[in-house]
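Student: One letter stands for each residue in the lines below.
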Amino acid sequence: MPWASPPSSRLCCGDGSSDDVANSIFSALAAGTDHCVKLKKVLIYLAIACCNGTGDVMLKRGMDDLGPIHLNHWAHIFSAFVDPWVIFGIACLAGFFYAYLTALSWADLTFVLPATAFGYVVTACLSRFFLHEAISPWRWAGVILITCGVGLVARGPSLTVREEPRGQTPEFAQQPELEEQHELV
Amino acid sequence: MNSFKLWIAIATLVLASSSGDVLLSAAMKRIGDLDELRVRKGLLAVVARVTREKLFLFGLLSLIFSFFCLLTALSWGDASLVAPASASLTFICSALLAKFVLHENVDHRRWISAALVCVGVLLLVK
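One line per chain: the protein sequences are U and C, in this order. Residues 102 to 286 (the numbering used here) are what the first sequence spells out, left to right. Residues 1465 to 1590 (the numbering used here) are what the second sequence spells out, left to right.
Derived by calculation from the structure, the hints in this document are not laboratory data. Since the structure is predicted, the reported quantities are computational estimates derived from the model, not experimental observations. The beta carbon of each residue, even a glycine, is placed where N, CA and C say it ideally should be. Warning: the hint list may mix true and false statements.
To be verified - No more than 16 angstroms apart at the CA atoms, straight line, and that leaves these computed lysine to aspartate or glutamate pairs for EDC-like:
| hint | chain 1 | residue 1 | chain 2 | residue 2 |
| --- | --- | --- | --- | --- |
| 1 | U | Lys142 | C | Asp1497 |
| 2 | U | Lys141 | C | Asp1497 |
| 3 | C | Lys1469 | C | Asp1542 |
| 4 | U | Lys141 | C | Asp1542 |
| 5 | U | Lys142 | C | Asp1499 |
| 6 | U | Lys139 | C | Asp1499 |
Said to hold, decoys possible - Here are the computed distance ranges between Cβ atoms for each label pair:
| hint | chain 1 | residue 1 | chain 2 | residue 2 | range |
| --- | --- | --- | --- | --- | --- |
| 7 | C | Arg1494 | U | Tyr199 | 17 to 23 angstroms |
| 8 | U | Ala195 | C | Arg1516 | 17 to 23 angstroms |
| 9 | U | Phe189 | C | Thr1515 | 20 to 26 angstroms |
Construct the complete structure from the given sequences, taking the supplied hints into account.
Tutor: Put into structure tokens, the structure is as follows:
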């Protein structure tokens, strides 16, 4: 994958040496780098899952304070933005959004979206124990099934590989240093 | 009637959210790896580059609209129903759009996953 190595590994391996020792060092560095990348990927996934679910529940808590919104008084919805729960919910969702954008820059939409599914578990647990909503066994089964379904996707390839015209590659990816990384990986 | 209104709000939310997801995905693919860009040029450069991308702005508008739909739906129904139902339906709708608009490789694994999500949603409303 093009994003498999952070800049540090490229700097270490930029001398172009081809002997066995250098190759061994590169392999070790690449292995360490893979672990870092995997850790980063997991952290991004956790951020997507936790922030999304928590944000939704906080919004619900805030909207409970506000009461039902009627279509003929739709402007009433703007008063939600002064509610602390809604503000906290928006902060959580902002964190989710950053993590989501970062993941989207690495991988397919259909690979990234399932990460949000782990938020269902967070939402269900918080709804039950924080909002004290009644959740039937059917709903729990639905949550589990959805989570299993989307968990399947996460085991597949993350990015659809396709040939792109030179002019459509990301602007900073056209720099020589990054091209070297693609060759090495 | 209240249930009908709730599902209309959820359907609107799903359409707006899926369109937003697809637009954001297209925008991020055009920009490239955000972490690489952040390491090279800093967080402000990332913000500047992302906000210059028109596809991102259209996607953001679509997601803002879906957010208001979410607030409305949450005021009409339980969070444990609205949040998973809307998000999972968004997942299916986005998978379809990713296949036919973004031309992503949506393989059998991803379609099975979409089917499981559909059944899960049916269980959610029981």
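Student: Any hints from earlier that this structure breaks? Give me their numbers in increasing order, please.
Tutor: Per hint list: single violation, 4.
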